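Asker: Between the sequences and the hints, there should be enough to build the whole structure, so can you do that?
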Amino acid sequence: MSNTSHEVAQGPHHNSGAASTALSAHSIDKKFPGVLANDSVDFDVRAGEVHTLLGENGAGKSTLAAVLCGLYQPDAGYLMRNGKRISLSSPRAGLQHGIAMVHQHFRLVERFTVSENVILGSRDLPFRLNRRELNEKVAAVAESYGLPIDPDATVGDLSVGQRQRVEIVKALYQGAEILLLDEPTAVLVPSEVEKLFENVHAMTAAGKSIVFISHKLGEVVEISDRVTVLRNGRVTGHVPGRGTADTKELARLMVGRDIELNAQRATHATGHEVLQIRNLSLSVNDVSVLTDISFNVHAGEMVGIAGVAGNGQRELADTIAGLISPTSGSVTISGSMTTDRGPVQAREVGLAYVPEDRLGMGLVPSMSILDNLLLTRDRQVVVDRISVRPEAARLIEQFEIKANGPDHLARKLSGGNAQKGLLARELSGGRGATKLLVVCSPTRGLDVGAIETVRRLLNDARSSGQAILLISEDLDEVLSLSDRVLVLYRGAVVHETAGETAQLSQVGAAMAGLSGGGR
Amino acid sequence: MLRIPFRVVFEQRGETARRLSLLVPLASVLAALFFGALFLLATGYSPIDTYINMFRDGFASFNGITDTLALSTVLICTGISAAFAFQMNLYNIGGEGQLYLGLIGGAWAGIALGDHLPTLLMVPVVLLCGAFAGAAWIFVPAFVRSRLGTSEIVSTLLLTYIGASLIKHVIYTPGSFFRNPNTSFPQGRLVADSASLDSFGSSRLYPTFFVALVIAGALYWVVKRTEFGYRINVIADSPKAAYYAGIHANRTTMWVMLISGALSGLAGAMLIVGPYGKIEPSIITLGYGYAGIVVAALARNNLGLIIVSGILFSGLKVGGNNLQVTTDTPIHIGVMLQGAILLFALGGEAFRRYHIHVVRVHDVSTKKVAA
Amino acid sequence: MNENIWILMSGDAIAIATTLILAALGALFTERSGVLNLGIEGILLTSAISSFLAADASGSVWLGLIVGSLIGALLASIHAVLSVVFRANQIVAGLALVIFGTGLANFLGKPAEGKTVTTVIKPISFGPLSDIPVIGPIVFGQDIITYLAIALAIVASRYLFSTRPGLELRATGDDPATVDAQGLSVARIRIRYTMIGGSLVGLGGSWLMLAQSAGWHQAATTNGLGWIALALVVFAGWRPMRIIFGAVLFGFTLQLPFTLQAEQITFIPSAFLEMLPYLATLIALIALSRPGSRNLLGAPRALGTPFVRDER
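Protein chains in written order, with the working numbering: chain A, 1 to 519; chain B, 1001 to 1371; chain C, 2001 to 2312.
There may be inaccurate statements among the hints.
What the hints assert, rightly or not - Pairs of lysine to any residue, SDA-like flavour, derived with a Cα cap of 25 Å:
1) B:1168 <-> C:2269
2) B:1168 <-> C:2264
3) A:435 <-> A:329
Just so you know, these hints were derived from the structure itself, not from any lab.
Just so you know, these numbers come straight off a predicted model, no measurement behind them.
Answerer: And the structure:
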């Protein structure tokens, strides 16, 4: 394998049929209301190579992928497949040309079995379905690329990594020659990423083309034969991949300036214990979700919770916020027991909570900023909006929220501004002065500028003496910001380490449930 | 395979244009009338005569306009009843049945307590009893909806059928408390004089009309300005945000449904203190409760606009009802038009919310290249 | 007690179940695609009167059934266009259809008032089989549409769970975004099954008119059967086979008042008997929604929500 990849890195000419371009896009334009998502973009992928689309959120890489697979139709420009001009009116037309997309948010019917999902939408399916025959066929396709799956398993029961495998098998089953993988590693733990990369190599060795979409520089350098960088809908560079790529250069092309993404950890003394969690356990419908969790967060300290999605993070946050009553154990916020007391009481003793779901849970989309400010505050029987208005205006200014004033509707805010608004409300206190801030995935889906701002706000809050519990699936974020890091796996804390000395490999192993060390 | 060469593209409007908010419902009514005209033509009636008669009998005569306002008293109440629940995505479509119970509750108070109280007290008591009975009728659906999540749509509707049987039962059973004991022909027993209001002059319009207006205004204020209204708005938009903020959706759900039921019951009681004075079993054929749903939907659940849509709609109904007398057109054309107006309004709503354009499919991918 | 009457009642209960099976199957197909059509009652009524008029004019009950089904599909297509193309609120659209259908049916039914059906659908003769005591009249005393309805439920079950279009249909109701990503048209599938569903409801309404009622009685013709059918789908957990059992069960409660009356059992007020089917449906509905009930797990996840492709 390593031999092959080395040769590919030398250049594409190695491939059979010298530089056979499998799919190319020429001066693609794609407009959305108010945005030019793709601005005369050129792109091509050859048979048997991995060509990466690199760019930050909103750079237009997902849009380009959607155009390549037929989900969107370009406003201008055209596609060529094996040298012939094609026009794709739908993903189905894309599939006919052997182009398939593996979405970041899996497109799988959870209630269906693996094989039902794999065959859904296949063109040459008979009217009557023979379950056993199809299961065998699906398993055979999967095995030929080293992707073992149980065709009879229900997708809802599978792990994220397994679901991704189902998606890939599905594309291969449908005869895909070109696979577009949209941020495939975003949801995986490091060990699963390795597995995925092995699969990718197996596929390119079999002559398939992979369009790899990512914003993570490290893995891009590792997996790609070539890299195309997008920024603000434009191509800012075509760069060779593996071995030769310069990470700094790629970062500059991607962001447009030199940037230090790793926020500085401010070091300073921490104070008394603000959050105390003792032997916290939670079962939902007799299924254990959280098991015997105990830890403290001190004033002026940021504690990070790392883990793969679905290992109890949301439930932990909701329990601390008083939304869920634990089965056993206790939560104490600045000296007051808040277990079983509900969210209002928790807030009165200093809790603030920024949930992962900003718009829809943290903010009410159809309400104004002003009304959203009132959501976690004390409201009288007749709601007094007049006296809150000046504060709303002040917070909009202070947190640099781009809005037309307090009456601006929450749903019309951009992701970054919605998050700033949410932080503004939570940090400014309401029922009591904020002492503890619980934040979940605070920067997910935001652009680089907003990420910087949000991280700065969190650091400022910590410097001002607030205790912060940062729960995030973005391991880099947790490691770079936190004073201490806890790893949550299957509802239990399996690893604890200081932020400065944390080892990526150890934390990664703990996230995958491979280690119980460190605690 | 059949390939349609066009694709309809929906583009969300940034700001909803104000003029469209008015234009679309109006256009819907016109479109429905046009559709109705085609239908009348096809079945051998004159649409022009029909509509002229409907308009005259609904709006353009003293009797017409007062009858319209009188009917709107009921429809505004059932309309608010529907809208109040709908705005929180609670689909109480059993307003019809709650109205029957309001009739029974109101009649009970009017008969049982009538001789002991003066009119000034008696009328409010009758209205309250009707409202209470309406609320009682929705209690089970409200309870199971807020506790178990049982669909209120089907449960409130099933109770309407049960309510209709109840109305028949109390009138047709010999010796029933609500049946007039002095006639052999089954009809309702009249409530005490103290429980009856006088209509204005020679019209059939009762002071309850103003009660309906006041209630519409008061509830509008409650929704816009109070904590209770704030909660309703949060839950309606995102139940998860309500959960996050510690707002008890169950309790609010229960209250909103009970109030909705009470409003339909109130509509029934208004018929007791007003035009009926007794339980009129023909109520089960009139569909005032269902009409409330149309009124609410036309006003897009806006409690202020319901007064307008309630009056407009009543005019249509009054005009339609007189058709049989004046032109021999079946009165059911009125009901059909109600449904049609609602259907067109729903379709029109899409034009208000989206920019709709039609694109030729094969053009989209190659448009600019060719140019 | 007269045994024959109870046997007769069982036969009648199965007969009345026919409309319920057809209407509930129609609702099931519609809902499996993710569309909630509350307009069943309106469709039943309109197709009933249409079939009456068609049969009356042509003298053929079969033509009546065909016209009734077509009208059912036509009305359902209004709902489909509103909820799928215009993304209207499906609940309100369904209600509008009930109101519209009721008005339309009564308008069309004006000339039919007082008339009775001249030609009716007759039970199939199974010769000596029909003479078997008890079983004979119940099992072999029905007409072709009743057998067809039961057969349809069985076929529907096979169609849903072991054919390609059935797979696509179930996926559309559960996860339209996935279906869309496969390049299948969610809109087309939803419109198709809403119309197929409407035609089944229409067939049920026509049959009710041509085999059950002697004449047109306005809204009393269906008397809320459409709503019971909707509850029946929940009751059956969105599975066709279970609809048969549920429908027969409800058929009994609908038939009971008549039987008791014939049996001169009068200690139960007739009003209560009249309420019985609705009460039974209500209780069943509440019992089924207790927490953790397996039935509700069968509900299509995207039921009632318009599909909008996520285009920023």
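Asker: Work down the list of hints and note, for each, if the structure agrees.
Answerer: Status of the hints after comparison with the structure:
1. B:1168 <-> C:2269: This hinted pair holds, its Cα atoms lying about 12 Å apart.
2. B:1168 <-> C:2264: Given pair residue 1168 (chain B), residue 2264 (chain C) holds - Cα atoms ~21 Å apart, limit 25 Å.
3. A:435 <-> A:329: 21 Å, holds
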